[in-house]
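Turn these sequences into a full structure, and let the hints steer you where they fit.
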Amino acid sequence: MNRVSLSEDVLISLGLQDNVEFIRFSLVRRVEHFLLIISFVALAATGLPQKFNAADWAQWMLTAMGGIETTRWLHHFFAIVFIMEGIFHVVYAFYGLLRRRVGLEMLPAWKDVRAFQHMALYFIGKRQAMPKFGRYDYRQKFEYFAMVWGWLLMAATGLIMWQPTWATNYLPGILIPVGKMLHGWEAVLAVLSIVIWHGYHVIFHPDVFPVDSSIFSGRISRMRMINEHPLEFEEAVGRPAIVEGLKRG
Amino acid sequence: MKRESTSRLNITIAALAGAIILTFMIARTLGAAPPDIPGDETCLGCHAAKSLSTVTDKGELLSLYVDKAALDGSVHGKQVGCTGCHSDIKSYPHPKRSMVDRRSFAIESYSLCQQCHSVVYQKALDSVHSQVLKTQNQNAPICTDCHGYHNVVKPDTPKTRVSQTCANCHRPIFDNYVGSVHGKALTTEDNPDVPVCTDCHGIHNIKEARTASFRIESPEVCAGCHTNKEIMSKYNISTDVYQTYRNEFHGITTLYYKVNFPTIWCYKAVCTDCHGVHDIKPPDDPSSSVAKANLVNTCGKCHEGANQSFTDAWTGHLPPSPEKGFLIWAAQAAWAWFLIPVTVVGMLVHIGFDWRKARQHRRRESEDESR
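Line order of the protein sequences matches chains A and B. Counting in this note's numbering, the first sequence runs from 92 upward without gaps. Counting in this note's numbering, the second sequence runs from 5 upward without gaps.
No wet-lab data here; the hints were simulated from the structure. Be careful, since some hints might not be right.
As a list, the in silico DMTMM-like pairs of lysine to aspartate or glutamate whose alpha-carbon atoms are at most 25 Å apart [as the list claims (entries may be wrong)]:
no., chain 1, residue 1, chain 2, residue 2
1, B, LYS262, B, ASP130
2, A, LYS217, B, GLU371
3, B, LYS233, B, ASP203
4, B, LYS328, A, GLU234
5, A, LYS142, B, GLU224
6, B, LYS272, B, ASP283
7, B, LYS272, A, ASP147
8, B, LYS361, A, GLU323
9, B, LYS361, A, GLU234
10, B, LYS211, B, ASP283
11, B, LYS188, B, ASP288
12, B, LYS211, B, ASP149
13, B, LYS361, A, ASP298
14, B, LYS305, A, GLU160
15, B, LYS262, A, GLU160
16, B, LYS127, B, ASP244
17, B, LYS211, B, ASP160
18, A, LYS142, B, ASP277
19, A, LYS217, B, ASP76
20, A, LYS142, B, ASP316
21, B, LYS272, A, GLU160
22, A, LYS232, B, ASP358
23, A, LYS142, B, GLU252
24, B, LYS285, B, GLU252
25, B, LYS262, A, ASP147
26, B, LYS188, B, GLU234
27, A, LYS202, B, ASP358
28, A, LYS217, B, GLU369
29, B, LYS361, A, ASP203
30, A, LYS142, B, ASP244
31, B, LYS361, A, GLU277
32, A, LYS217, B, ASP358
33, A, LYS142, B, GLU221
34, B, LYS361, A, ASP228
Here it is as structure tokens:
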């Protein structure tokens, strides 16, 4: 990881002492993330025992949650939370765009492919420093759009299974078993992705361990801002950061 | 010399002791036996007469005639004499017995069977018939109602005999069953593979079939034959029917109840809810409740508003394959064999490299600081 920074006296002259923090997430985003945690965990906990119901642990969990009908009811309840949160997110994003509160930094761009190439070369020692990232790096965008994709697929297949007689008024019936298959396996993929990818980057990564708390506090330290989001930092401060990464290739 | 005489003495003593014991045993056996057990000829001296009868307290005529030919042709035949069963009658005139009416006389008498058949007799006491007999209705069957008495023959030879025996009381169900794929094969070809009443309901400890637990266990009853490759291959019937049921919503719910709450009534469909109970037809029979044309009705019993498209969701107990249910198979293949492994491996590789670089970086940083 390269370190990008302004020299300390310049930072201080800009009013950016060592203990200064940047706002990274607004309250709305933090609440959104909280709703996602609750609904995602609850959906996984009530859904996976249904998929793997033949196993003893699954039967135990189903009973612990009040029986299979109650488990399904809970699953549907948290599905509504999950779906509503997704709808709110999209509506709020468009509102933010109209009001010019948020930009389009989240959208995938060519620079993400370049950054990935750069990162791959860095991994195998062909580059001395990591690519410089803006507000969101390609790892975060990958996860965000995996979430968007998962939301669309799970909501669509889930609603079909929830109301099959209604759904088959408009759709061919084969989509019910197909949807069930997709729903179950996409759930496995989603849980694995969250545990492996999200778990690593916000918990087990050496720079954030034991937890990256910025999604809860809404803040990010000056140091992490400089290290992880140098382009955003430069834009915020209005001065190019000095790359001193060579020292730490 | 001395040793030899000792051993001879031992043999003598043992032989003497043996003789004494044997004598006692014989004497005891002879002494215990009544001196004059009447032979069958003695009994038949009177009971071969067709007119021999008595009158119960309620004034019913109770025939005491024994058909010798039927008795000789029965499984007991000549091996079990009259007193083998009628062990309470040892002399003439017979001990006085109460005879309120014919039925109560029969009920009082059937416990004689347990003298030899104690295991099945005990099992029968657990049956729904026995419970009904004790609590509600004297017409509930006892041993002799199904097996006969003097004319007892093998109950399952030919196999149709079993179902016909049950039909004596359960006539409407039998008529229903005779029209089913099982009943037809039984009555027209005497097919030994198809279930008769007792194959599903049990033999002596026949359970009440309308309980939650009978219902929740019933898929396993069907699976008993329908997962048997040897039997099913003869009729070209898939043995995946049970597992495919267990993999879908109805089967998941009923399994949960079966494992955790077998006595609570579970409304989710078991085999018989779609296929019928006694009148099960093959799915390619147009009158079958699971024939394609009848599915809207059958599904509609529970799924109000089910239409043709809804019934297409049912893939006919076939595990998804490239030939049948291609989309389902493709969805499974795409995720389980491609998307998930590729994503997980990709993430792990990225994380592995990242972790290594971060550690290297940390080490160098701490070296810098210590310098």
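Tested hints:
no.: 1; hint: B:LYS262 <-> B:ASP130; verdict: holds, 22 Å
no.: 2; hint: A:LYS217 <-> B:GLU371; verdict: holds, 23 Å
no.: 3; hint: B:LYS233 <-> B:ASP203; verdict: holds, 18 Å
no.: 4; hint: B:LYS328 <-> A:GLU234; verdict: violated, 35 Å
no.: 5; hint: A:LYS142 <-> B:GLU224; verdict: holds, 21 Å
no.: 6; hint: B:LYS272 <-> B:ASP283; verdict: holds, 20 Å
no.: 7; hint: B:LYS272 <-> A:ASP147; verdict: holds, 21 Å
no.: 8; hint: B:LYS361 <-> A:GLU323; verdict: holds, 23 Å
no.: 9; hint: B:LYS361 <-> A:GLU234; verdict: holds, 21 Å
no.: 10; hint: B:LYS211 <-> B:ASP283; verdict: holds, 20 Å
no.: 11; hint: B:LYS188 <-> B:ASP288; verdict: holds, 15 Å
no.: 12; hint: B:LYS211 <-> B:ASP149; verdict: holds, 18 Å
no.: 13; hint: B:LYS361 <-> A:ASP298; verdict: holds, 12 Å
no.: 14; hint: B:LYS305 <-> A:GLU160; verdict: holds, 20 Å
no.: 15; hint: B:LYS262 <-> A:GLU160; verdict: holds, 14 Å
no.: 16; hint: B:LYS127 <-> B:ASP244; verdict: violated, 33 Å
no.: 17; hint: B:LYS211 <-> B:ASP160; verdict: holds, 20 Å
no.: 18; hint: A:LYS142 <-> B:ASP277; verdict: holds, 24 Å
no.: 19; hint: A:LYS217 <-> B:ASP76; verdict: violated, 101 Å
no.: 20; hint: A:LYS142 <-> B:ASP316; verdict: holds, 22 Å
no.: 21; hint: B:LYS272 <-> A:GLU160; verdict: holds, 11 Å
no.: 22; hint: A:LYS232 <-> B:ASP358; verdict: holds, 17 Å
no.: 23; hint: A:LYS142 <-> B:GLU252; verdict: holds, 10 Å
no.: 24; hint: B:LYS285 <-> B:GLU252; verdict: holds, 22 Å
no.: 25; hint: B:LYS262 <-> A:ASP147; verdict: holds, 13 Å
no.: 26; hint: B:LYS188 <-> B:GLU234; verdict: holds, 21 Å
no.: 27; hint: A:LYS202 <-> B:ASP358; verdict: holds, 20 Å
no.: 28; hint: A:LYS217 <-> B:GLU369; verdict: holds, 20 Å
no.: 29; hint: B:LYS361 <-> A:ASP203; verdict: holds, 20 Å
no.: 30; hint: A:LYS142 <-> B:ASP244; verdict: holds, 19 Å
no.: 31; hint: B:LYS361 <-> A:GLU277; verdict: violated, 31 Å
no.: 32; hint: A:LYS217 <-> B:ASP358; verdict: holds, 14 Å
no.: 33; hint: A:LYS142 <-> B:GLU221; verdict: holds, 22 Å
no.: 34; hint: B:LYS361 <-> A:ASP228; verdict: holds, 17 Å
In summary, the structure is inconsistent with hints 4, 16, 19 and 31 from the numbered list given earlier, while agreeing with the others.
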